[in-house]
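Protein sequence lines correspond, in order, to chains A and B.
If you use numbering that gives the first Met the number 0, the first sequence closes out at 377, no skipped numbers anywhere.
If you use numbering that gives the first Met the number 0, the second sequence closes out at 377, no skipped numbers anywhere.
Hints listed in this document are in silico derivations from the structure and should not be mistaken for laboratory results.
Beta carbons: idealized from backbone N, C-alpha and C, even for Gly.
A hint or two may mislead.
Derived coverage of chain A by chain B (criterion: at least 3 residues anywhere in the stretch with Cβ under 8 Å from a Cβ of chain B; other residues may be distant) [what the hints assert, rightly or not]: (1) 90-103; (2) 147-155; (3) 189-195; (4) 259-271; (5) 314-322; (6) 332-345.
Number of protein chains: 2
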Amino acid sequence: MAGSSPEASRTSSQEPGLRLRDLSETDLLARIVPLFRSAPGVLVGPGDDAAVVASGHSVVATTDSMVRGRDWRDDWSSGADVGRKVVAQNLADVAAMGAVPTALLVSFAADPDTEVAWVLDVTGGLAAAAGEAEVAVVGGDLSSAPAGVVVVSVTALGDLQGRSPVLRSGARVGDVVAVCGSLGFSGGGLALYAAGTPVPPSSPAGGVPAANNASPAGAGLGEREERDAAVATLMWAHRTAGRPPRRAGVAAADAGASALIDVSDGLVRDAGRIAAASGVSVALSGQLLREGFAAGPLTLALGEEEAMRQVLSGGEEHSLVGCFPRPAWERLRAAAPAPGEPGWRRIGEVVSRADGEGVLVTVDGQVPSVTGWDHFAG
Amino acid sequence: MAGSSPEASRTSSQEPGLRLRDLSETDLLARIVPLFRSAPGVLVGPGDDAAVVASGHSVVATTDSMVRGRDWRDDWSSGADVGRKVVAQNLADVAAMGAVPTALLVSFAADPDTEVAWVLDVTGGLAAAAGEAEVAVVGGDLSSAPAGVVVVSVTALGDLQGRSPVLRSGARVGDVVAVCGSLGFSGGGLALYAAGTPVPPSSPAGGVPAANNASPAGAGLGEREERDAAVATLMWAHRTAGRPPRRAGVAAADAGASALIDVSDGLVRDAGRIAAASGVSVALSGQLLREGFAAGPLTLALGEEEAMRQVLSGGEEHSLVGCFPRPAWERLRAAAPAPGEPGWRRIGEVVSRADGEGVLVTVDGQVPSVTGWDHFAG
């Protein structure tokens, strides 16, 4: 499988109109399993009762799901987009522990009337994202579901390679707070979709690896083209989670990060989780956030005010937030980022929490009036 | 949490009518996470980006899901039944590799209108089954789902403790084929439910640990009471997966098993998977299956013919099928089963596969006219 491009072939070999109910499990698995390639350390891959993955001394494990109609809409996202996004979500959690991902398991519950071509498109997206991260899909499960229902759950395993896990609870007063990757792109893209914005023709869909940080998406273009490129980048980021940094978590751990988290539910909410777990407050700088993250595509596409709102509250970005004691921060800044990945940008610092006040995150000393994403809430 | 009984308290402390949409994720997790206890080897449990589990040199990983309306019906099964069953399915896959389970992750996608009390009942069943197996729930994920939809996915990790994994592909001609646990109970229970059979008042629901093997379920009772006990045992086995053997996989691996699988889709289909992977045939003895498995509760509840059909084709039993070279079989028979677990019973032997015929499993030399369970099939 190495070197093949699952997404490129996704429409060529499929029988149109073929539904899940038309295939036996064996037939379906025969189409799915070859899309995943193996990786070093996979001792037993798909096909037995369970997979076996080589490990150092400890295993990192996390799980994240996507539900049709809740976590994606078929009129916005392709199957490949969904597959990419659910992998990105899981790999970000592994990265946020300071671990290297080693294996994925995929659990797929779907209406038997689902088109097989769409399932294979999801599979292609999963396989492409897994392949880029050099991680194997080692197992999974297929279940039938009621009419219209599709749920894709991924579990990711990771190897700390002898490192201590970087927890949310390790931030200390005086640490530098920094972000690797973009902020607000996915949330901004969702806002554009929700407003009925058509996807501009220059959309980076289909796997074009846009730089997932705050550099202008369409440098050298005219104003209209630049805005279109920015809009397309944000909408693509919402559909696929873009390309969150994959190696930055390990680099941060090696440099001596005291705490790490990925941005799942918005910067304020996720930085607040570090603050809550560590018994500190996180003081963010509005200027650093505006200059480093809101400027560029976000402001081009959404205007300054909405851009800043998305930077603070946009979810599903899966960039990393880290806290760094000064020597660790100096080490991190001295090291070059991994090829194709953005560097870390400072956004604030860890301060002591005023007793009894319970303020976890401030922006320029004020409590921001934004919140992040909550499941189930009506 | 050690020593508490999550199921016992499941109805006492819940507000009736409380729905998922009425709670924040934080509030819901505050009710769910304390139901799970930790275990040795869990270095980081729920609450961070990912869990960290100590490991020897390799990790076994598997996943299995249950979907409301497909894998269970609310009018038949309680939440606790569902929680127990999805854990049993996963632990059986770990056992079938010859590994000791170390950790579970739970992914839960549910309609926000789902009653919180029911979710906590599922959680109680998960926690109880995990507790009995001395395995920790180390992480999970919550997602909202469309109206009426609930999907519970579990991923199980296991530790081979230096053993080689026991694959499906290791069976050799001359090996003894044996089963540990019951056959056909769950399938028989499903048939009883499907026929509209009322659950007899002596139902072992609520966690009564009926001996999950072919010994009569109601020894010493009158004929009617004996049949009722048998019916109740089968229906309970369908709802909860009963109590499949947990330690027998490791014992089989230690004795030198050449192949192992758990009965998910029916004996003929799952033994056929060993045969297919190993390039052999499995020759089953009708007499050994009748005497060792169809006799007792199955025949009492269903009659001889249907009992034998369920022994051959009943799914979701999660007992273990093993293949054993003669010295391994002698070692296994010389060792006592783990306390509370049944012993292994011989059901046939591994024979060479006639070239070009593709017959994987025979019963008394004939190809049985039963098949197992397939998802998606219309």
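Comparing the hints with the structure gives:
Interface restraint, the region 90-103 of chain A with chain B: holds (7 residues with C-beta to C-beta distance below 8 Å; minimum three). Note: the region 147-155 of chain A has 6 residues with beta-carbon separation from chain B under 8 Å; the three-residue rule is met and the coverage holds. Counting residues of the region 189-195 of chain A whose CB falls under 8 Å from any CB of chain B gives 0; the rule of at least 3 is not met. With a cut-off of 8 Å between beta carbons, the region 259-271 of chain A has 3 residues touching chain B; three or more are needed, and the interface restraint holds.
Restraint check on the region 314-322 of chain A versus chain B: 0 residues with Cβ-Cβ distances below 8 Å, three needed, restraint violated. Under a criterion of three residues with beta carbons nearer than 8 Å to beta carbons of chain B, the stated coverage of the region 332-345 of chain A fails, only 0 such residues being counted.
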